[in-house]
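**Student:** Since the structure of chain A is provided, determine the placement of chain B on it from the hints.
So the sequence lines, in the order shown, correspond to chains A and B. Per our numbering, the very first residue in the first sequence carries number 1; after that it's consecutive. Per our numbering, the very first residue in the second sequence carries number 1001; after that it's consecutive.
It is possible that part of the hints are untrue.
Below 16 Å or equal to it, Euclidean Cα-Cα: the simulated EDC-like pairs (lysine to aspartate or glutamate) are [stated by the list, open to error]:
| # | chain 1 | residue 1 | chain 2 | residue 2 |
| --- | --- | --- | --- | --- |
| 1 | B | Lys1139 | B | Asp1044 |
| 2 | B | Lys1177 | A | Asp168 |
| 3 | A | Lys133 | A | Asp182 |
| 4 | A | Lys112 | A | Glu122 |
| 5 | A | Lys95 | A | Asp61 |
| 6 | B | Lys1095 | B | Asp1168 |
| 7 | A | Lys177 | B | Asp1170 |
| 8 | A | Lys189 | A | Asp170 |
| 9 | B | Lys1217 | B | Asp1182 |
| 10 | B | Lys1133 | B | Asp1044 |
| 11 | B | Lys1208 | B | Glu1194 |
| 12 | B | Lys1177 | A | Asp170 |
| 13 | B | Lys1095 | B | Asp1061 |
| 14 | B | Lys1177 | A | Asp182 |
| 15 | A | Lys177 | B | Asp1182 |
| 16 | B | Lys1217 | B | Asp1170 |
| 17 | A | Lys43 | A | Glu137 |
| 18 | A | Lys177 | B | Asp1168 |
Rather than coming from a laboratory, the hints here were simulated on the basis of the structure.
Letter by letter, the chains look like this.
There are 2 protein chains.
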Amino acid sequence: MEITTAAVAEIVKKIVAEMEETPKQVTNEVPIGVSNRHIHLSKDDMETLFGKGYELTHMKDLSQPGQFACKETLTLVGPSMRAIEGVRVLGPLRKNSQVEISMTDSFQLKVKPPVRESGKIEGSAPVTIIGPKGIVELKEGCIIANRHIHMSPDDAVVFGVADGDYIDIDAFSGTRKTRWFDVQIRVHKDFRLEMHIDTDDANSAGLKNGSVVTIVK
Amino acid sequence: MEITTAAVAEIVKKIVAEMEETPKQVTNEVPIGVSNRHIHLSKDDMETLFGKGYELTHMKDLSQPGQFACKETLTLVGPSMRAIEGVRVLGPLRKNSQVEISMTDSFQLKVKPPVRESGKIEGSAPVTIIGPKGIVELKEGCIIANRHIHMSPDDAVVFGVADGDYIDIDAFSGTRKTRWFDVQIRVHKDFRLEMHIDTDDANSAGLKNGSVVTIVK
Chain A
1 MEITTAAVAE IVKKIVAEME ETPKQVTNEV PIGVSNRHIH LSKDDMETLF GKGYELTHMK
61 DLSQPGQFAC KETLTLVGPS MRAIEGVRVL GPLRKNSQVE ISMTDSFQLK VKPPVRESGK
121 IEGSAPVTII GPKGIVELKE GCIIANRHIH MSPDDAVVFG VADGDYIDID AFSGTRKTRW
181 FDVQIRVHKD FRLEMHIDTD DANSAGLKNG SVVTIVK
Chain B
1001 MEITTAAVAE IVKKIVAEME ETPKQVTNEV PIGVSNRHIH LSKDDMETLF GKGYELTHMK
1061 DLSQPGQFAC KETLTLVGPS MRAIEGVRVL GPLRKNSQVE ISMTDSFQLK VKPPVRESGK
1121 IEGSAPVTII GPKGIVELKE GCIIANRHIH MSPDDAVVFG VADGDYIDID AFSGTRKTRW
1181 FDVQIRVHKD FRLEMHIDTD DANSAGLKNG SVVTIVK
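Isolated chain A (complex conformation) (with noise of 0.2 Å):
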């Protein structure tokens, strides 16, 4: 059989043609990110521990634009005396200093943090950081984070919801069936559609980086 160029084109014309007439795929489906427990630093917490005049050293950029995971990581102390090494930091530096474990983590700690939205932290727990420098002793600043949805404004009027929202999501994909309620949606635009949950969320229902979870209507 002799392929002419009329047959291609003819042939790539119904293929567009057929594209073009699939409806937009309407899906409750959002990605998991698990947050493993990290460290984001202030300038001056941050020259405590590493030093006057130091810089983070960008590892690997992370799914939200532009946050990433430095090569610096921490060790965290509370009144149990037992540390946490290894705790990485997280860029770019903040106006605050702030510390998300997982609730497994505050009892290794002895820390009672309370469960917050990231960058609330009036009143959350204290906490120490030990850096090869310094230490830093946090007054407030260690939350366990809430469950909750980054998404761009276009998500947003996909799925019907707007910044602030609490929604409750099917983790059905895992090892354990679970359902979460009240999760936040927080709508940006420089977001990414990503769920994000702790480590004792993601091996309750058995989830990973990747996993999907869906929107319950």
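**Tutor:** The following block gives chain B in isolation, referenced to the frame of chain A:
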């Protein structure tokens, strides 16, 4: 006002009558028992780990009648060669050894246990147990316990469930509202009403021993 014996008798009669009229409270509430990682041992494995003729030391009765925590702890290791120390031995001895860990633990050990009902160890994960007198390399027996509820036949009648049923549970009394699906019902005359979850489930929902969850009708 004079309080006569007759008046007191009248009041007591009235109260007793009211109590008898009050219908038996129908509740969907189940108390939580959190299972930390633990080890059940066969007699042979116990003697390999602790020495010929050794007897486990009863330390504390557990909530389920006949079950007890032993003074003895052991060390677990897996392919990661990172040990988990101080893992509690539970009695009494069983036909087969069984190691119950959380998914969080499984990452530290680098073992891949299935989510299973206790006792169903066929084809489950291998793990190594280190004792003071010897080492047991279990070919199978390492599991992540499924979510399950122990109850008596009387409880089963009240709840309208039967042994082997699967139900859903709302865990709303902790820090993060959660529903668990497909929770296994286990009915036995020696069981006391209690839902057993592992530390991942407990810390995900922010529950502890004695927290109350409810059966979804």
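**Student:** Are the hints correct? Go through all of them and say.
**Tutor:** Outcome of the hint check:
The suggested pairing of lysine 1139 (chain B) with aspartate 1044 (chain B) holds, with an alpha-carbon distance near 14 Å, which does not exceed 16 Å. Of the supplied pair hints, the one linking lysine 1177 (chain B) and aspartate 168 (chain A) holds, its CA atoms being roughly 10 Å apart against a limit of 16 Å. With a C-alpha separation of about 41 Å, the suggested pair lysine 133 (chain A) and aspartate 182 (chain A) falls outside the 16 Å cut-off, and the hint is violated. The straight-line distance between the Cα atoms of lysine 112 (chain A) and glutamate 122 (chain A) is roughly 14 Å, inside the 16 Å bound, and the hint therefore holds.
With a C-alpha separation of about 20 Å, the suggested pair lysine 95 (chain A) and aspartate 61 (chain A) falls outside the 16 Å cut-off, and the hint is violated. Among the hinted pairs, lysine 1095 (chain B) with aspartate 1168 (chain B) is inconsistent with the structure: their alpha-carbon atoms are about 31 Å apart, more than 16 Å. For the proposed pair lysine 177 (chain A) and aspartate 1170 (chain B), the alpha carbon gap of about 12 Å is at most 16 Å, so the pair holds. This hinted pair does not check out: lysine 189 (chain A) and aspartate 170 (chain A) have alpha carbons roughly 25 Å apart, beyond 16 Å.
Of the pairs offered as hints, the one joining lysine 1217 (chain B) and aspartate 1182 (chain B) holds, with about 13 Å between alpha carbons and a cut-off of 16 Å not exceeded. The suggested pairing of lysine 1133 (chain B) with aspartate 1044 (chain B) holds, with an alpha-carbon distance near 13 Å, which does not exceed 16 Å. The straight-line distance between the Cα atoms of lysine 1208 (chain B) and glutamate 1194 (chain B) is roughly 12 Å, inside the 16 Å bound, and the hint therefore holds. Restraint check for lysine 1177 (chain B) and aspartate 170 (chain A): satisfied, since their Cα atoms lie roughly 12 Å apart, inside the 16 Å limit.
A C-alpha spacing of about 20 Å is found between lysine 1095 (chain B) and aspartate 1061 (chain B), which places the hinted pair above 16 Å, so the restraint is violated. With a CA separation close to 7 Å, the supplied pair lysine 1177 (chain B) and aspartate 182 (chain A) stays within the 16 Å bound. Between the alpha carbons of lysine 177 (chain A) and aspartate 1182 (chain B) the distance comes to roughly 7 Å, so the proposed pair stays at or under 16 Å and holds. With a CA separation close to 10 Å, the supplied pair lysine 1217 (chain B) and aspartate 1170 (chain B) stays within the 16 Å bound.
Note on lysine 43 (chain A) and glutamate 137 (chain A): the hinted pairing holds, with a Cα-Cα distance of about 15 Å set against a maximum of 16 Å. About 10 Å separates the Cα atoms of lysine 177 (chain A) and aspartate 1168 (chain B), which keeps this hinted pair within 16 Å; it holds.
Hint compliance for this structure: hints 3, 5, 6, 8 and 13 are broken, all remaining hints hold.
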